[in-house]
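K.L.:
As a plain string of letters, each chain reads:
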Amino acid sequence: MKAEPDRVTSRESVIEFRNTGYRLPNGQTLLENVSLKVGRGETLALLGRSGAGKSTALRLINRLLEPSDGEVLVEGKSTRSWDAIALRRHIGYVIQEIGLFPHYTIEQNVSLVPRLEGWPAERTRARVSELLDLVGLDAPRFAKRYPHQLSGGQRQRVGIARALSIDPPILLMDEPFGSVDPLTTGELLKEFQQLQRRLQKTIVIVTHDVDESLMLAARIALLDAGKLTGIYSAKEFLVAREPMAAAYVANFRMYEEAERKNEPH
Amino acid sequence: MNLINFFIRHQREIVQATLEHVWLVGIAMLLAVAIGIPLGIIAARHPWLSKPILGGANIAETIPSLALFGFLLPVPWLGERADRLVITALTLYALLPIIRNTSAGISGVDAAVREAARGMGMTENQILFQVELPLSAPTILAGVRVATVLTIGIATIAAAVGAGGLGEFIFRGLAMVNDQLILAGAIPAAALALLADFILSLLENRLRPARS
Numbered sequence: 001m002k003a004e005p006d007r008v009t010s011r012e013s014v015i016e017f018r019n020t021g022y023r024l025p026n027g028q029t030l031l032e033n034v035s036l037k038v039g040r041g042e043t044l045a046l047l048g049r050s051g052a053g054k055s056t057a058l059r060l061i062n063r064l065l066e067p068s069d070g071e072v073l074v075e076g077k078s079t080r081s082w083d084a085i086a087l088r089r090h091i092g093y094v095i096q097e098i099g100l101f102p103h104y105t106i107e108q109n110v111s112l113v114p115r116l117e118g119w120p121a122e123r124t125r126a127r128v129s130e131l132l133d134l135v136g137l138d139a140p141r142f143a144k145r146y147p148h149q150l151s152g153g154q155r156q157r158v159g160i161a162r163a164l165s166i167d168p169p170i171l172l173m174d175e176p177f178g179s180v181d182p183l184t185t186g187e188l189l190k191e192f193q194q195l196q197r198r199l200q201k202t203i204v205i206v207t208h209d210v211d212e213s214l215m216l217a218a219r220i221a222l223l224d225a226g227k228l229t230g231i232y233s234a235k236e237f238l239v240a241r242e243p244m245a246a247a248y249v250a251n252f253r254m255y256e257e258a259e260r261k262n263e264p265h
Numbered sequence: 001m002n003l004i005n006f007f008i009r010h011q012r013e014i015v016q017a018t019l020e021h022v023w024l025v026g027i028a029m030l031l032a033v034a035i036g037i038p039l040g041i042i043a044a045r046h047p048w049l050s051k052p053i054l055g056g057a058n059i060a061e062t063i064p065s066l067a068l069f070g071f072l073l074p075v076p077w078l079g080e081r082a083d084r085l086v087i088t089a090l091t092l093y094a095l096l097p098i099i100r101n102t103s104a105g106i107s108g109v110d111a112a113v114r115e116a117a118r119g120m121g122m123t124e125n126q127i128l129f130q131v132e133l134p135l136s137a138p139t140i141l142a143g144v145r146v147a148t149v150l151t152i153g154i155a156t157i158a159a160a161v162g163a164g165g166l167g168e169f170i171f172r173g174l175a176m177v178n179d180q181l182i183l184a185g186a187i188p189a190a191a192l193a194l195l196a197d198f199i200l201s202l203l204e205n206r207l208r209p210a211r212s
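Chains as they are written, first to last, in our numbering: chain A, 1 to 265; chain B, 1 to 212.
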């Protein structure tokens with residue numbers, strides 16, 4: 001059906017944008033004619049400046065927004081024909097501000113969706129400690145604490161645990177490592193990379209960080225002013241001719257250069 | 001000394017009037033909470049309705065209480081009995097702080113928390129009852145507290161239309177130029193207001209989520 005070559009046709013595509021556009025009620029275009037596919041178990045990074053439409057694209061996937069043009073398919077079904085609640089329970093969602101519920105303990109935050117799904121208490125409790133363990137938090141120590149008693153990095157881990165609570169096959173992450181200090185970001189990234197290998201989820205991650213994209217994603221979709229300017233594998237991205245990609249890479253190289261100079265000899 | 005003797009001598013009447021006062025304010029507050037909280041939620045959810053709702057409550061608030069009793073007097077069912085009339089008027093006065101605080105409390109819930117709740121697949125009702133209302137409970141209760149103290153004061157004017165309460169003593173005392181009689185109404189009314197304020201502020205602090 002599609003004329004252009006597509007790298008993920010070999011794999012079943014879990015998320016697909018078909019000529020998707022999104023406009024605000026006032027007519028401002030945030031996303032224009034985006035088409036892309038994400039295969040099962042693949043991690044795709046949406047890279048771009050602030051305001052490029054990355055978060056908009058992400059929020060179209062779990063139907064926090066509905067496309068103005070075209071459609072978004074999840075598991076082969078248009079998000080419009082999904083029940084919004086069922087769709088969102090099928091997709092884990094992690095945002096930069098995390099959005100933990102301040103009046104709930106860590107345990108209550110992580111167990112919220114299982115409880116809404118009517119899981120028995122025993123199963124829920126076991127799942128919470130399994131999840132806290134998974135994200136590197138000592139369950140007995142943290143379960144009864146409140147979000148404000150945790151550091152930024154710890155809160156981010158809880159945010160990831162919460163998104164994984166009912167083991168959704170898809171994970172959406174909106175700058176998940178953006179709000180913590182660089183050192184913590186580094187640790188979180190490495191740990192998340194391992195988690196990613198273990199869990200084999202389909203992941204779409206929004207970021208403005210090349211490092212993060214290269215580390216986590218098999219492919220990078222570059223967005224600029226609401227338009228998709230290209231999709232690259234990590235290798236292709238580093239040698240891409242397209243000006244936007246090249247600019248990102250040049251910046252990245254500069255950063256690597258500086259890092260090498262600072263290394264003790 | 002005289003005053004204490006006076007209070008002891010008229011103990012039964014003062015207690016009676018205080019109970020009437022509590023009853024008028026209590027019923028009015030129950031009604032105001034039952035109406036005001038839903039209106040506050042609506043105002044927070046639909047910004048275009050916020051202006052008319054808050055504006056209406058604001059207008060009610062600015063009508064002098066005696067005039068409001070006068071306006072309500074010719075209203076068919078309400079005007080028939082003094083207590084109905086007074087409870088209606090007190091309810092109208094209590095609405096504004098409750099609506100305003102409910103709306104402010106809900107609008108004040110962190111946008112990221114709401115975004116996360118929606119993204120996790122909570123329904124609008126689940127978000128309202130499990131996230132928005134618990135998080136804005138202290139703010140809402142602060143509104144209830146202000147409204148309660150306000151209506152305890154205004155309810156003294158209820159005696160002007162014959163609804164009883166502590167205002168009876170005040171009006172009688174004014175007519176007879178009797179300070180003791182005025183104080184027999186004013187002191188219990190002030191004590192009631194302070195007590196209500198104290199109890200509700202305790203509750204408010206308990207509802208406030210633990211924050212270091």
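Calculated directly from the structure, the hints in this document are not laboratory data. Source: prediction; values computed, not measured. The beta carbon of each residue, even a glycine, is placed where N, CA and C say it ideally should be. Do not rely on the hints blindly, as some may be mistaken.
Label-pair restraints from in silico Cβ distances [said to hold, decoys possible]:
1) B:S201 x A:L189: 32 to 38 angstroms
2) A:G152 x B:P52: 39 to 45 angstroms
3) A:L189 x B:A34: 50 to 56 angstroms
4) A:R145 x B:V75: 24 to 30 angstroms
5) B:P52 x A:A218: 26 to 32 angstroms
6) B:W23 x A:R145: 53 to 59 angstroms
7) A:L134 x B:D197: 47 to 53 angstroms
8) B:W23 x A:G152: 48 to 54 angstroms
9) A:L189 x B:D197: 49 to 55 angstroms
10) A:D69 x B:I42: 31 to 37 angstroms
11) A:S50 x B:S201: 40 to 46 angstroms
12) B:I199 x A:G178: 43 to 49 angstroms
13) B:P52 x A:R80: 31 to 37 angstroms
14) B:I42 x A:G152: 32 to 38 angstroms
Examples of chain A residues toward chain B, derived with CB under 8 angstroms [to be verified]:
15) L24
16) R89
17) F101
18) V113
K.L.:
Next step is simple, just say for each hint if it's right about the structure.
P.N.:
Status of each hint after checking the structure:
| no. | hint | verdict |
| --- | --- | --- |
| 1 | B:S201 x A:L189: 32 to 38 angstroms | violated, 47 angstroms |
| 2 | A:G152 x B:P52: 39 to 45 angstroms | holds, 42 angstroms |
| 3 | A:L189 x B:A34: 50 to 56 angstroms | holds, 52 angstroms |
| 4 | A:R145 x B:V75: 24 to 30 angstroms | violated, 56 angstroms |
| 5 | B:P52 x A:A218: 26 to 32 angstroms | violated, 54 angstroms |
| 6 | B:W23 x A:R145: 53 to 59 angstroms | violated, 45 angstroms |
| 7 | A:L134 x B:D197: 47 to 53 angstroms | holds, 49 angstroms |
| 8 | B:W23 x A:G152: 48 to 54 angstroms | holds, 53 angstroms |
| 9 | A:L189 x B:D197: 49 to 55 angstroms | holds, 52 angstroms |
| 10 | A:D69 x B:I42: 31 to 37 angstroms | holds, 33 angstroms |
| 11 | A:S50 x B:S201: 40 to 46 angstroms | holds, 44 angstroms |
| 12 | B:I199 x A:G178: 43 to 49 angstroms | holds, 45 angstroms |
| 13 | B:P52 x A:R80: 31 to 37 angstroms | holds, 33 angstroms |
| 14 | B:I42 x A:G152: 32 to 38 angstroms | holds, 36 angstroms |
| 15 | L24 | violated, 16 angstroms |
| 16 | R89 | holds, 4 angstroms |
| 17 | F101 | holds, 6 angstroms |
| 18 | V113 | holds, 6 angstroms |
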